[in-house]
Amino acid sequence: MQAFEYASPTTVKEAAALLQNKWGEVDVLAGGTDQLTLMKERLATPSKLVNVKGIKELGGISAGKAGFRIGAAVTLDELMENAEVRKNYPSLVAAARGVSSPQIRNMGTVGGDLCQRPRCWYYRNGFGLLGTKDGKSLIPGGENRYHAILGNSGPAYFVSASSLGPALISLGAKVKLVSASGSREVAADKFFVTPQNENSREIALLPNELLTEILIPREATKNATYELRQKEALDWPLVSASVALKMKGSTVASARVVLGHVAPTPWAASQAEQLLAGKSITESVAEEAGKAALASATPLSQNAYKVQLARVAVKRALLAAASGRA
Amino acid sequence: MGTKGRCLVSSRKDPDVPKTGQSGLSRRGFMQGIGVGSGALGAGILENEAQAAPPPGGFSGPAAVPITLRINGKSTNLTVEPRVTLVDALRNHLDMTGAKKVCDRATCGACTVIMSGKVVYACSVLAIDAQGKDIQTIEGIGSGNKPHPVSVAFVHNDAQQCGYCTPGFVMAAKGFLDRNPNPTFEQVEKGLGGNLCRCGTYVGVRQAVLEAAKEMKGGKNA
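Sequences listed follow chains A and B, in order.
Residue 325, in numbering that gives the first Met the number 0, is where the first sequence stops; the numbers in between run on with no holes.
Residue 221, in numbering that gives the first Met the number 0, is where the second sequence stops; the numbers in between run on with no holes.
In case anyone wonders, no lab produced these hints; they're calculated from the structure.
Misleading hints may appear alongside valid ones.
Among chain A residues calculated to face chain B with C-beta under 8 angstroms, some are [to be verified]:
hint : residue
1    : 5
2    : 76
3    : 101
4    : 233
5    : 283
The following label-pair restraints were derived from C-beta to C-beta distances [unchecked claim]:
hint : chain 1 : residue 1 : chain 2 : residue 2 : range
6    : A       : 248       : B       : 155       : 30 to 38 angstroms
7    : B       : 181       : A       : 85        : 17 to 25 angstroms
8    : A       : 63        : B       : 133       : 31 to 39 angstroms
9    : A       : 131       : B       : 96        : 53 to 61 angstroms
10   : A       : 245       : B       : 67        : 38 to 46 angstroms
11   : A       : 22        : B       : 57        : 20 to 28 angstroms
Every residue, glycine too, gets a C-beta built ideally from N, C-alpha and C.
Using the sequences and the accompanying hints, generate a full structural model.
Structure representation (structure tokens):
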């Protein structure tokens with residue numbers, strides 16, 4: 000990897016002061032499992048690297064009146080092992096467990112999961128975030144079996160790699176972004192964006208901002224995440240579904256259904272959400288919701304199989320949430 | 000096009016990595032011969048002159064900087080560029096070649112070491128960032144005369160073939176058993192999900208971990 004200068008600040012303020020207004024000059028290092036890989040592949044060539052793991056403010060999980068606060072540098076392992084998280088957010092635990100390498104869970108952070116770059120093999124092999132050659136996307140006519148089946152009218156065809164994103168969106172979470180000049184909170188569903196050109200990113204974070212924490216409102220939901228994957232060991236899921244149900248007795252008052260790994264962002268399946276309101280979760284209702292969630296799917300030449308997988312993921316996530324086993 | 004995600008191993012060479020052994024003179028052997036840290040080292044042997052420690056919060060590098068690592072209970076001083084990973088520091092600077100560099104992309108597990116009690120990929124930790132942590136490597140968990148129970152169980156159960164993934168697997172298994180002393184077969188499967196064996200010795204590895212778990216009960220482990 001290209002040589003770089005290295006800093007390990009101990010406060011958010013110090014770290015934010017080291018960031019710059021342009022992507023590419025100064026990068027943030029947290030768990031390192033994606034960042035260092037990107038640097039070895041020359042997909043990231045920062046001249047300066049800011050390690051944020053020494054910042055105490057970025058750690059810790061705490062439950063307050065307003066809800067849960069999860070520090071951005073909390074590792075996936077710490078998240079999964081936290082008793083409060085296990086009790087309230089089985090959906091998050093299942094999503095973190097799906098990162099199926101203990102090493103990655105010990106190193107990788109919650110913030111890093113949200114900020115990791117796409118795994119699209121065109122991107123990873125140097126064809127840019129949008130996978131183009133001579134101004135034309137290589138993906139619709141190329142090797143697209145793992146690409147998007149929703150939100151794929153171009154120019155982006157990759158799928159969001161985040162495991163926690165769909166679960167956090169379904170739980171109504173917000174992320175806090177801090178720069179040298181201030182801070183802002185962004186709803187998790189607004190944090191992920193579909194880039195419209197090669198110079199934009201797939202997240203709303205600005206180059207001079209640091210993701211410092213995740214805030215989950217305190218609302219009782221039945222929640223679950225269900226993934227379908229090609230191999231059990233270390234890999235990303237082919238599809239995932241995270242659901243959060245606000246219940247009124249045994250019927251659903253309101254539902255959030257968010258799909259992962261099917262679109263350039265986590266994908267809120269509003270048709271399924273509408274269908275579920277006022278219903279009890281039975282196997283046939285869950286199946287109907289799965290169908291509704293994928294009603295507008297537009298698979299590419301090689302990935303129609305993901306449509307059925309995603310239907311099944313929605314169905315099983317709903318049944319898991321309703322039965323309290325995630 | 001290879002496979003999805005983690006398994007994409009680049010064939011591109013990293014032009015910045017100092018080459019070893021290309022002229023029949025291995026860098027490691029050469030440095031052992033003249034003594035690492037000797038003032039007589041010329042330019043081009045160590046990457047650059049060491050520079051003074053930076054102010055807290057400020058930048059250091061890109062030239063080599065002095066760092067201290069605590070490996071297998073022993074503090075070791077070395078001088079590395081910030082871009083040097085822990086696995087490269089172990090193998091190229093400290094002559095500890097147990098941890099293997101295979102994918103170098105946080106995918107295969109051959110470089111697994113235990114840091115602060117948890118298994119990590121040493122290829123994806125910067126050496127400079129591993130300071131202040133207790134690092135345990137395969138060299139630190141038993142000796143030729145008294146191998147670690149996990150190593151013994153690997154031999155008993157034929158849990159290796161070419162052996163290149165073995166040190167990483169042994170460390171992953173030890174780290175797993177430290178946290179799960181009474182595992183079920185299924186837990187073993189999931190617990191070693193971060194390591195690959197291209198020879199396909201998984202059946203033996205899983206049996207070995209279950210055997211080691213029995214053996215290690217009662218505090219017999221190192």
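So, going through the hints one by one against the coordinates:
The interface hint given for residue 5 of chain A is met, as the beta carbon of that residue sits about 4 angstroms from the closest beta carbon of chain B, less than 8 angstroms. About 7 angstroms separates the beta-carbon of residue 76 of chain A from the nearest beta-carbon of chain B, less than 8 angstroms, and the hint is met. At a threshold of 8 angstroms, the smallest CB-CB gap from residue 101 of chain A to chain B is about 5 angstroms, leaving the interface hint in force. Because the beta carbon of residue 233 of chain A sits about 5 angstroms from the nearest beta carbon in chain B, less than 8 angstroms, this interface hint is met.
Using the Cβ-Cβ criterion of 8 angstroms, the hint placing residue 283 of chain A at the interface with chain B is not satisfied: the shortest such distance is roughly 31 angstroms. Taking 30 to 38 angstroms as the suggested C-beta distance range, the pair residue 248 of chain A and residue 155 of chain B does not conform, at roughly 57 angstroms. The beta-carbon spacing between residue 181 of chain B and residue 85 of chain A, approximately 20 angstroms, falls within the hinted interval of 17 to 25 angstroms. Remark: the range hint 31 to 39 angstroms for residue 63 of chain A to residue 133 of chain B is upheld by a beta-carbon distance near 33 angstroms.
For residue 131 of chain A and residue 96 of chain B, the Cβ-Cβ distance of about 42 angstroms falls outside the hinted range of 53 to 61 angstroms, so the restraint is violated. The beta-carbon spacing between residue 245 of chain A and residue 67 of chain B, approximately 53 angstroms, falls outside the hinted interval of 38 to 46 angstroms. The given range of 20 to 28 angstroms is respected by residue 22 of chain A and residue 57 of chain B, whose C-beta atoms sit roughly 22 angstroms from each other.
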